[in-house]
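Visitor: Here are the chains, one letter per residue:
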Amino acid sequence: MKNRASSHLLIIFIIIGLEIVGYLGVHRAAALRGYETSVIGGVRDLLMFIPLIILVLWLSRSKHFIGNWVLFTTAILLFSFGMLVQYRLYSDPEYNARNKAAAREEKMQALRTRYIMENYDPVKKQMMGLPPTPAQPIQVSQIPQKPSNYSLWNALTSSYTWIPIFSFLALAIAYSLCSRDGFLLWLQRNSFIIVLFTLVPLAGAVVTSSAGKALGNMTPWEPSKIPFLIGFAGILTARYKDLAETYWGIPRAKDIIPLLVMAAMPFVPFFALKDFGQMLIFSGAYTTLYLVAVRRWPQLLLFVGSIVVVISILVVGALPRDIQEKVPLLPTLARPISAALPSRIQQRFHLWLDGFDPPSPEVSWWKKDYEEALQSDPRLKELAEQSPAMQKAVNIDIWFDKLAFQPAQAVFGIAAGRTSGRGFGLGFPEVIPIADSDYVYAAIAEETGLLGGAMVILAVIIFVIAGVRTSLESRDMFTKLCAAGLTAFVGFQALVNIGGILRALPMTGITLPFVSHGGFSLITSFAMLGMLLAFSNRNARDRVIAEIPAVKSSSSPLKLEAVQ
Amino acid sequence: MNPVLTALLLFQSPSPSPTPVVDALERMPALFTIIYVAGFGFIILLLFLSLLRSRKRPPATAAIPADLPKEVRKRLGSASTNRGLRALRWLFILLAFGLFGFHIYWARYAAEDNETFQQLSYKDLRMRRLSESTLRGWILDRSGRLDQPLAYYKRDSTGEIQREYPMDKAMAHLFGSDRGDPGLERALFGTQSGALPEAWDVVRRRTQEFKGNQDVRLTIDRNLQQAAVDQLKGKHGAVVVLNPQTGEVLALYSEPSYSLSEVSDEATWIRLESNERDKPLVSRALGAYYIPGSTFKTVTMTAAFLAGEQDTEFTCSGGGYYAAPGANVIYDDGGAGEVHGRIGIDQAYEVSCNQYFAQMGVKLGPERLKRAAQLLGIGTYDTPVEALRGRKQPEIWNGSTDAVKRALAPREATIVTGKQVTRYDLALMGYGQGYAGQMTPLQMSLAAAAIGNTEGKLMKPKIEYKLPPQVFNQVMPAATAEKLRSIMGLVTGGPSGTARGVFAPVKAAGINTGGKTGTAQKVVPVYDPKTGEPKRQHKVERDNRGNIIREYDEVVMDEEHPRIDGWFLCIAPLEKPQLAIAVIVEGGGYGSRSAAPIAAALVLKARDLGYFSGVKPATPAKKTVK
Chain A
0 MKNRASSHLL
10 IIFIIIGLEI
20 VGYLGVHRAA
30 ALRGYETSVI
40 GGVRDLLMFI
50 PLIILVLWLS
60 RSKHFIGNWV
70 LFTTAILLFS
80 FGMLVQYRLY
90 SDPEYNARNK
100 AAAREEKMQA
110 LRTRYIMENY
120 DPVKKQMMGL
130 PPTPAQPIQV
140 SQIPQKPSNY
150 SLWNALTSSY
160 TWIPIFSFLA
170 LAIAYSLCSR
180 DGFLLWLQRN
190 SFIIVLFTLV
200 PLAGAVVTSS
210 AGKALGNMTP
220 WEPSKIPFLI
230 GFAGILTARY
240 KDLAETYWGI
250 PRAKDIIPLL
260 VMAAMPFVPF
270 FALKDFGQML
280 IFSGAYTTLY
290 LVAVRRWPQL
300 LLFVGSIVVV
310 ISILVVGALP
320 RDIQEKVPLL
330 PTLARPISAA
340 LPSRIQQRFH
350 LWLDGFDPPS
360 PEVSWWKKDY
370 EEALQSDPRL
380 KELAEQSPAM
390 QKAVNIDIWF
400 DKLAFQPAQA
410 VFGIAAGRTS
420 GRGFGLGFPE
430 VIPIADSDYV
440 YAAIAEETGL
450 LGGAMVILAV
460 IIFVIAGVRT
470 SLESRDMFTK
480 LCAAGLTAFV
490 GFQALVNIGG
500 ILRALPMTGI
510 TLPFVSHGGF
520 SLITSFAMLG
530 MLLAFSNRNA
540 RDRVIAEIPA
550 VKSSSSPLKL
560 EAVQ
Chain B
0 MNPVLTALLL
10 FQSPSPSPTP
20 VVDALERMPA
30 LFTIIYVAGF
40 GFIILLLFLS
50 LLRSRKRPPA
60 TAAIPADLPK
70 EVRKRLGSAS
80 TNRGLRALRW
90 LFILLAFGLF
100 GFHIYWARYA
110 AEDNETFQQL
120 SYKDLRMRRL
130 SESTLRGWIL
140 DRSGRLDQPL
150 AYYKRDSTGE
160 IQREYPMDKA
170 MAHLFGSDRG
180 DPGLERALFG
190 TQSGALPEAW
200 DVVRRRTQEF
210 KGNQDVRLTI
220 DRNLQQAAVD
230 QLKGKHGAVV
240 VLNPQTGEVL
250 ALYSEPSYSL
260 SEVSDEATWI
270 RLESNERDKP
280 LVSRALGAYY
290 IPGSTFKTVT
300 MTAAFLAGEQ
310 DTEFTCSGGG
320 YYAAPGANVI
330 YDDGGAGEVH
340 GRIGIDQAYE
350 VSCNQYFAQM
360 GVKLGPERLK
370 RAAQLLGIGT
380 YDTPVEALRG
390 RKQPEIWNGS
400 TDAVKRALAP
410 REATIVTGKQ
420 VTRYDLALMG
430 YGQGYAGQMT
440 PLQMSLAAAA
450 IGNTEGKLMK
460 PKIEYKLPPQ
470 VFNQVMPAAT
480 AEKLRSIMGL
490 VTGGPSGTAR
500 GVFAPVKAAG
510 INTGGKTGTA
520 QKVVPVYDPK
530 TGEPKRQHKV
540 ERDNRGNIIR
550 EYDEVVMDEE
560 HPRIDGWFLC
570 IAPLEKPQLA
580 IAVIVEGGGY
590 GSRSAAPIAA
600 ALVLKARDLG
610 YFSGVKPATP
620 AKKTVK
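As given, the protein sequences belong to chains A and B, one line each in that order. Numbered per numbering that gives the first Met the number 0, the first sequence spans residues 0 to 563. Numbered per numbering that gives the first Met the number 0, the second sequence spans residues 0 to 625.
These are calculated hints, taken from the structure and not from any lab test.
If the Cβ cut is set under 8 angstroms, some of the chain A residues that face chain B in the computed set are:
| hint | residue |
| --- | --- |
| 1 | VAL20 |
| 2 | THR72 |
| 3 | VAL122 |
| 4 | ALA453 |
| 5 | VAL459 |
Glycine included, each C-beta is placed from N, C-alpha and C at the ideal position.
Can you build the whole structure from these sequences, using the hints too?
Guide: Pasting the structure below:
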């Protein structure tokens, strides 16, 4: 396949075709499962492809984009999958209705009545207290259709309409800005000030947020990733040669200290925001950048070693008590660590390492939730007070109803999906809270199985390969590092998100890039995509310059266009 | 009317097994899902090809001025930063595939291999959704009548469709609920039987095999089951009734039981689960260990016949029997006063002589006991620790799926036959004490059933009506089985049989039976009368300096007032047994007084139900002679 706008436009048309197939599947499954899909919502989603096609045309016609289209198409592919999963989830009243129990009951009743009408013979129907009619297969047309209550007004005011549009705008803006060499140079020179200015609104976010979220379930500090990255790339570009000059494997203090200050900057607000997922991603991206720019073996070892130490300290501190006691000296080591670790981290680590086993109700971070549950249900409280055995049983129940509910339901869903999934609309991802953003991979794994999961992971891998290629082809350090950093952000974010759901890593509450449509994260992802596209285009132009022998390497891009 | 049309209409009349039409409707969304994922894969392939193609393009290093020497150009091209980037790319790909490995584990292996995952599957809301939405089949008793189901659906006054259990408590242990270990309900219809359809299966119409919604006819006789419930009312105990010829389970009940409708409430479930005194959630017939007492003599006797020792006589003296110098003396229940003299095996079995079977146990030795035990399905282990482990024994069942076998799996009854077993241990085992103390009521009913089978075969127990009978073991030749039956007949019919009085009405009704009484003392914990919790004592262990080595809570055992469990095994009618019964009554006292009357009542009930109609009793002939 050629790297031409027309070829990739064709792929986008194939994606639209697939989306229509997917929406029809969800629509039919919804009829079978006793709920209604909204035509308006479906059309709205499909209309999203119009701005995307306009974007392709704008890039190729107006901007003469000759960079790597694979980046763009892969992102759109992931985006469309996410859109379909969200459509399926929000069609199900059980997922977002206020009264979930009533919505569920209605679904069940519809299913059961249909089953009995179709399969029970008159004797059985009479036993049940129903009119004895013979068993007859029901046609789809016979299933009563309920009107969807999703109106045009809902669609126009929904955040799911506007966030993608803002994301596309962000892409266009990021692309236009970053294709200017002057802007890039300005960014590189003023990177430190940019970072400082980013800290100001973040401080405001720290004050207003709670539990790593603000404005309901949003993370408005998500876009700050980009300026932080630019800052780090900028200072690394300026200093990487000096940093490589080491004495006994250690760079000079006057080189390393500014870098460390810059690197620590995002961690302060994110720690205060309790957004540990972002911290994890920043650590991954910054380590990547440093290792790419400064390749010295002792430092590599130092880096890897310190990461291992930090992780093992965290793990040791968060290990469940009974496992600690099996290893001599471990409890003594772990006590000060677990006293120092924030309770949120301890809780996430427990869910990761020992999620099927509730902690004892005496554990500090669990005690509050446990007692709250007892307060709200006096019957449980009475039971728990009867005996230790009873208290244990009550503890397990509260654990799976509260903290472990979401991860456990996600894992059960993944197990239910098996290889080819249950089919769109035929699984039960609606029982997983926030399955449309943080836990979108669990919903995908349940309804499309291992195959669907493999597709998402392969798409992320292709995106990363394309991003790394952009970085490889870059000829100046700043764009090289920026491209590597952006790719690392997207790649690590996907790994951390999927790993958290699959219990390979602790769950951190960050989104799957492009697939989750959770507000600011989608806008940020598309802005990052815009930057990557701009860098890719720049590289391609550089190559064109080199391939034309008549033009000297000092010629300006303006002249180049004339040559084309 | 068109004759062809008439014929078609005839074929449309209700068929016994409904075809799952639902799947046909679900095919379309399933197919669309497969198309979507396949299309996605196709695009991924195209993008990958595109990446490969662009790799062949000259690298950006072409922009390096061409007039530089070739070597310099090469060095500039493979900058160290790029090498690092390439390495990190491969690292990322490796990590991503590693994550996918986790996905494979959860999707393919967790449900089968991860024990915690299985235990917690009742926390899976999907399972409850599925069991609520796809209606399970109805469960019918052995009559197969739709109007007398054991489990069915009913529409209540509000129009809601609810699963109903007309016999509720009577079938609770067999059926099980959505919580805890799966019972027949989940094994026959549940998602655990692996029948959950994937999109691919739906597309290929493979879900026709889904049995989750077909009616199941059990071998349980609702009348006999109800009789067992009535007989055990207010006691703690269990009843197992088998057909020794086919292995069909006719009744299986454990008291105290619980109500299936009540345990849908979480708090009730928790309360029942933590009730350590009554353990209402545990089926005593399958999951509880009892000391078999004299009923184990049936096994010892079988072993003696298999070993050819059936003609050996032993002396039962007033001085008791010393298995080894210094060992405790073995008396009969009546103490030193009960003296049977030199007797043979038939008489010893009839009067239930402990001294005889103790000596027989020693004479047989571990190897020959082991052989007989294994033929009867009893596990034999080398050490007491292994024997107490209580492995589940699903393989003893004749079931349609592994899930059914697992749901009904009894704890494996065990004896110890290792090298360290002493003569005294053998003597104790010979009459059902000591290392033979891990028997389940189901296992004891199987020991009786092997003798009750006219060909001397032990049939695997089965509960699904449609399954053909399966042989577990050819335990003994048919002639031996007949001889053993006549010896068992002495217990209920002989001049000094231990259950003679209780079975007099049965005999009067013209039914010849065989049986064996048993009584065993078991030391049990002291329970707090208020909470029902076992009493615990805080113990502190100190070394000789007075430092605390460890502290622990120990359950206080009531050594002075052991619980006396009564047993009874029964086969009826003796000519061609249709029933093999095992009854245990916890704390009931002597087996002949507590358990035997229950068995007698069940035999009479079975007669009323017509189970013996095909068997001509020999008694009337004898009566005419008299």
